[in-house]
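K.L.:
Chains A and B, in that order, give the protein sequences. Position one of the first sequence corresponds to residue 1 (the working numbering), numbered consecutively onward. Position one of the second sequence corresponds to residue 1001 (the working numbering), numbered consecutively onward.
Be aware that one or more of the hints could be misleading.
[Said to hold, decoys possible] Straight-line alpha carbon distances no greater than 25 angstroms define the calculated SDA-like cross-link-like pairs of lysine to any residue that follow:
#, chain 1, residue 1, chain 2, residue 2
1, A, K334, B, K1067
2, B, K1067, A, S362
3, B, K1067, A, K346
4, B, K1019, A, G332
5, A, K334, B, G1022
6, A, K194, A, H156
7, A, K334, A, K346
8, A, K67, A, N84
9, A, K293, A, S375
[Unchecked claim] One-sided excerpt, in silico: chain B residues whose CB lies under 7 angstroms from chain A:
#, residue
10, S1040
11, M1041
12, S1057
13, P1059
14, V1060
15, N1061
16, D1065
Rather than coming from a laboratory, the hints here were simulated on the basis of the structure. Bear in mind that the values here come from a model prediction, so they are computed numbers and not experimental data. Backbone N, C-alpha and C define an ideal beta-carbon position, used for all residues, glycine too.
Chain by chain, the residues run as shown.
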Amino acid sequence: MKSNQRLASIEAAHQELVEFGVDPFAVEIEEIVSPTGGIIQGRPTILAGTNNYLGLTFHPDCVAAAKKALEEQGTGTTGSRMANGSYACHRELERELAAFYEKSDAIVFSTGYQANLGTISSIAGPGDTVFIDADSHASIYDGCQLSGASVIRFRHNDYEDLAKRLRRLGEAAADALIVVEGVYSMLGDRAPLKEFVRVKNEFGARLIVDEAHSLGVLGERGRGVVEEADVLDEVDFIVGTFSKSLGNTGGFCVSSSDNMAVLRYASRPYVFTASLPPATIAATRAALKLLDKGSDLRKRLHNNATRLHDGLKSFGFTLGAPVNAVVAVVIGDKSEALSMWDYLLKAGVYVNLMVPPATPGSESLLRCSVSAAHSAAQIDALCNAFGEWRSRNS
Amino acid sequence: MNHQDIVTEIIKVLTPLVKDKGVEQITEDTELTGELALDSMQVMNMLLELEDAFDISIPVNAMADIKTVGDLANQIEQLMSGHS
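For reference, chain B alone in the conformation it holds in the complex:
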């Protein structure tokens, strides 16, 4: 699975979460808590879904440096290759 596949999966999980927020398009540069205005519970639920989808565990600590969909994809890519 390459970087773009991961981004696509993240967008698939995010889309229903923001359906009432008038977000036109989610891209790799979209900010999770800024533009998408996800609250902490929504971020947590999104992570649980992504963890299942990719069969990884994303440490809570790793989230501090994640701002955009692309950042999250990079983190997942690292975890899938065994480097965190």
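Just chain A, same shape as in the assembly:
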């Protein structure tokens, strides 16, 4: 353990924060009072770093469904679905997800992280090649590692760079797996999915799209970038999470692949994890119904995102992407980002501090996630807190 360089570098990074006097990665929300409000360090605080895009965590339908399931089916399943059996609700949620995406089957996982781990590692194996975007989430990198496949990165959102790398692979490109995200969580930028689909069709490869940050947010029915870009039929696997717009925990993969039954049993993160508790499944099913018919929620979310985006721009901040539910303020210098994050928290605003190497390039970010449940007054207060920082420090 003494030679564990990874632990040593994390310890050094943590020590840097301790010396700075703030630890953005150990925030305790002492009381959660609504989807967008809580008490932190004794102060009422606007929560804008929670990924609670549709604000459904306190929705009466979801809370009532969870309570009912809790009372009728108990607190947990106490085991994996393969060893201990599925509850009827697990399969019902899978059928509902498959119908929602117009695919033939779905697999529910216990977390979104495991959904990527389980999907990638069961589709690809030793001898295969997986192509991933250079800015992929850790769950995609880890899923690739678990698969044992050869992993090749292409430049972020660069479908021509992907095509060049597929071409280098020759005939084997037809067996390759490509993994992209609909929306990238750090900057909130979208993948050019139409172009990625064109490239995967050109080479006969298969494509996974992770819609963690776009489910419920984009597309007429909230089916994400695959719906917005009109490529739902052509994407082979869609992976997503219940922990953002659905306000819960868990993850899924949907597909019309003939292999879905086999993939389920080949997936170690599915087989060797306890299944989701009935209350979680019930609340997720209620949230999925609200999401499906939630064009009003998406409209509110978009209006809030536009208000925040425009407000921050008016103060001269550089933002990471066009209007989306993730609004990332590019700060650059890490110590400035730390000071700013601390100032905002003391001003009653909680956002996410993101520093390299978790961020693309070498820049630090203050990342806001907008919710349909934010009021206009909360969005204005957010903007003003950023603006006050700027006026005090310019």
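Following the hints, position chain B against chain A.
P.N.:
For chain B alone, kept in the frame of chain A given last:
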């Protein structure tokens, strides 16, 4: 292109990345993350440049065994000859 040409190209790509780190000389034995203190992003960007320069794709998995400039040159040489 022989082994030494590959080493020369790697050093050409590395030099601007470490210009502020007080590194006197980069040789075949120089360690990428140890002596040059490259972080994961810098390693990734360096690889993308080298991939373009040599028209190859270096698998992420291959990097686990690469410690020095010479190791990287060996890996590139193998990929260019079609053996990975």
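K.L.:
Indicate, hint by hint, whether the structure satisfies it.
P.N.:
Verification of the hints:
Among the hinted pairs, K334/A with K1067/B is inconsistent with the structure: their alpha-carbon atoms are about 28 angstroms apart, more than 25 angstroms. Taken as a hint, the K1067/B and S362/A pair is honoured in the structure, with Cα atoms around 23 angstroms apart against an allowance of 25 angstroms. For the hint linking K1067/B to K346/A, the alpha-carbon distance of about 44 angstroms lies beyond 25 angstroms, and the restraint is violated. Of the supplied pair hints, the one linking K1019/B and G332/A holds, its CA atoms being roughly 20 angstroms apart against a limit of 25 angstroms.
The suggested pairing of K334/A with G1022/B holds, with an alpha-carbon distance near 22 angstroms, which does not exceed 25 angstroms. The straight-line distance between the Cα atoms of K194/A and H156/A is roughly 15 angstroms, inside the 25 angstroms bound, and the hint therefore holds. A C-alpha spacing of about 18 angstroms is found between K334/A and K346/A, which places the hinted pair at or below 25 angstroms, so the restraint holds. Simply put, K67/A and N84/A have alpha-carbon atoms about 23 angstroms apart, close enough for the 25 angstroms limit, and the pair holds.
Note on K293/A and S375/A: the hinted pairing holds, with a Cα-Cα distance of about 21 angstroms set against a maximum of 25 angstroms. Checking S1040/B against chain A by beta carbon gives a least distance of about 5 angstroms; that is within 7 angstroms, so the hint holds. Of the supplied interface hints, the one on M1041/B holds, with its beta-carbon coming within about 5 angstroms of a beta-carbon of chain A, less than 7 angstroms. Look at S1057/B: its Cβ gets to within about 5 angstroms of chain A, closer than 7 angstroms, so that hint holds up.
Given the 7 angstroms rule on beta carbons, the hint for P1059/B holds: about 4 angstroms separates it from the nearest Cβ of chain A. With 7 angstroms as the threshold, the beta carbon of V1060/B comes within range of chain A, its nearest partner Cβ sitting at about 4 angstroms, so the hint holds. Annotation: interface hint on N1061/B holds; nearest CB of chain A at approximately 6 angstroms, less than 7 angstroms. Annotation: D1065/B was flagged as interfacial toward chain A, and the flag is violated, the nearest CB pair being 14 angstroms apart, outside 7 angstroms.
Violated hints, listed in ascending order, are 1, 3, 16; each of the other numbered hints is respected by the structure.
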